[in-house]
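J.: First residue of the sequence shown: 0, per numbering that gives the first Met the number 0; consecutive thereafter.
Take these hints with a grain of salt, some might be off.
[Claimed, not checked] Lysine to any residue pairs mimicking SDA-like chemistry, simulated, CA-CA at most 25 Å apart:
(1) 86 to 272
(2) 255 to 288
(3) 285 to 269
(4) 111 to 227
Hints in this document: simulated from the structure, not taken from any laboratory.
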Amino acid sequence: MQTTILSGDRHSAQLSTAELNQIIDLDRYPLDQLDSPKGKALVAQCQHDLNTQAASALQNFIRPEAVKRLTVEAETLIPSSYRFVGKPRQTYPDADPAAELDPIAKSVRGMKHANSNNQVLNYQIPNNSDLRVMFLWPQLCEFVRRVRRVETLYPSQCPHLGLTMKAAFEGDNDGWHYDPNDGVVTLLLQSPDEGGEFEYAPNIRDKTDENYEGVRRLFENPDKVGLRVNQGPGTLTFFNGRNSMHRVRQVGETRKPRIVGIFSFDQRPDQIFGENYIRMIHELPKGAPT
Numbered sequence: 000m001q002t003t004i005l006s007g008d009r010h011s012a013q014l015s016t017a018e019l020n021q022i023i024d025l026d027r028y029p030l031d032q033l034d035s036p037k038g039k040a041l042v043a044q045c046q047h048d049l050n051t052q053a054a055s056a057l058q059n060f061i062r063p064e065a066v067k068r069l070t071v072e073a074e075t076l077i078p079s080s081y082r083f084v085g086k087p088r089q090t091y092p093d094a095d096p097a098a099e100l101d102p103i104a105k106s107v108r109g110m111k112h113a114n115s116n117n118q119v120l121n122y123q124i125p126n127n128s129d130l131r132v133m134f135l136w137p138q139l140c141e142f143v144r145r146v147r148r149v150e151t152l153y154p155s156q157c158p159h160l161g162l163t164m165k166a167a168f169e170g171d172n173d174g175w176h177y178d179p180n181d182g183v184v185t186l187l188l189q190s191p192d193e194g195g196e197f198e199y200a201p202n203i204r205d206k207t208d209e210n211y212e213g214v215r216r217l218f219e220n221p222d223k224v225g226l227r228v229n230q231g232p233g234t235l236t237f238f239n240g241r242n243s244m245h246r247v248r249q250v251g252e253t254r255k256p257r258i259v260g261i262f263s264f265d266q267r268p269d270q271i272f273g274e275n276y277i278r279m280i281h282e283l284p285k286g287a288p289t
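Starting from the given sequences, assemble the full structure and let the hints guide the process.
T.: See the structure below:
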């Protein structure tokens, strides 16, 4: 099957709104008419969801045929993807001297959380990919800007992590962590047969209180304390992860991996990610688990 709307000799700026409507369901989500009543209502609903739940999920944001195209494309890219495995996720990368005096805080900060998945980097994704077409479409960036209530917003310029895909196979998971900012936008392309749910505790901490006791309860009883985002293939999700502890639960027995596209936007027009992290990625093995 055809894996992109764009042919190899065209670029995203040449795409018409009608062609973009073959990727994004603009009839349901009018990103091309954000100043219309329906467009304003969409932005307001996303803002409300983020304010009250720290997450906003737009089901069937892209059309079923686009989901199929992107899933096929992702499967062709996985053999060259980078495999994270064996190293637990560092849930609290920054030091907190006060935690040394609090047994609960010390215990929570010392917990190790398994982390394994595959990542396809920006430069590995074809220039005519439907995923890149969406990422570079100015109206998607404008939509995200309005939802986030910021004055300026730009697609990340990082050639490695500006646009990525992640694949989680049987036994994989993304361990508990916070994000460095509230700017994550993801697009679920494929769900596994079992497990792989996105789970989180909305705004469990704030600027003045790490709430280690609340985090301990979450780690010990996630089914009771945590929430799960209702996501199916094609769902675009906004998430406030700076103060909301979250993870992707372990993928169970499955014939297919969990695949998600990740868009990175920033208020700076020249944002790129740190070189040390990029070098670490390039030292990882490639390909799906055997």
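J.: Work down the list of hints and note, for each, if the structure agrees.
T.: Structure-based check of each hint:
Using a Cα cut-off of 25 Å, the hinted pair residue 86 and residue 272 holds, with the two alpha carbons roughly 20 Å apart. Taken as a hint, the residue 255 and residue 288 pair is honoured in the structure, with Cα atoms around 12 Å apart against an allowance of 25 Å. Taking the CA atoms of residue 285 and residue 269, the gap is near 29 Å; set against the 25 Å cutoff, the hint is violated. Of the supplied pair hints, the one linking residue 111 and residue 227 holds, its CA atoms being roughly 22 Å apart against a limit of 25 Å.
This entry does not satisfy hint 3, going by the numbered hints stated previously; all others are met.
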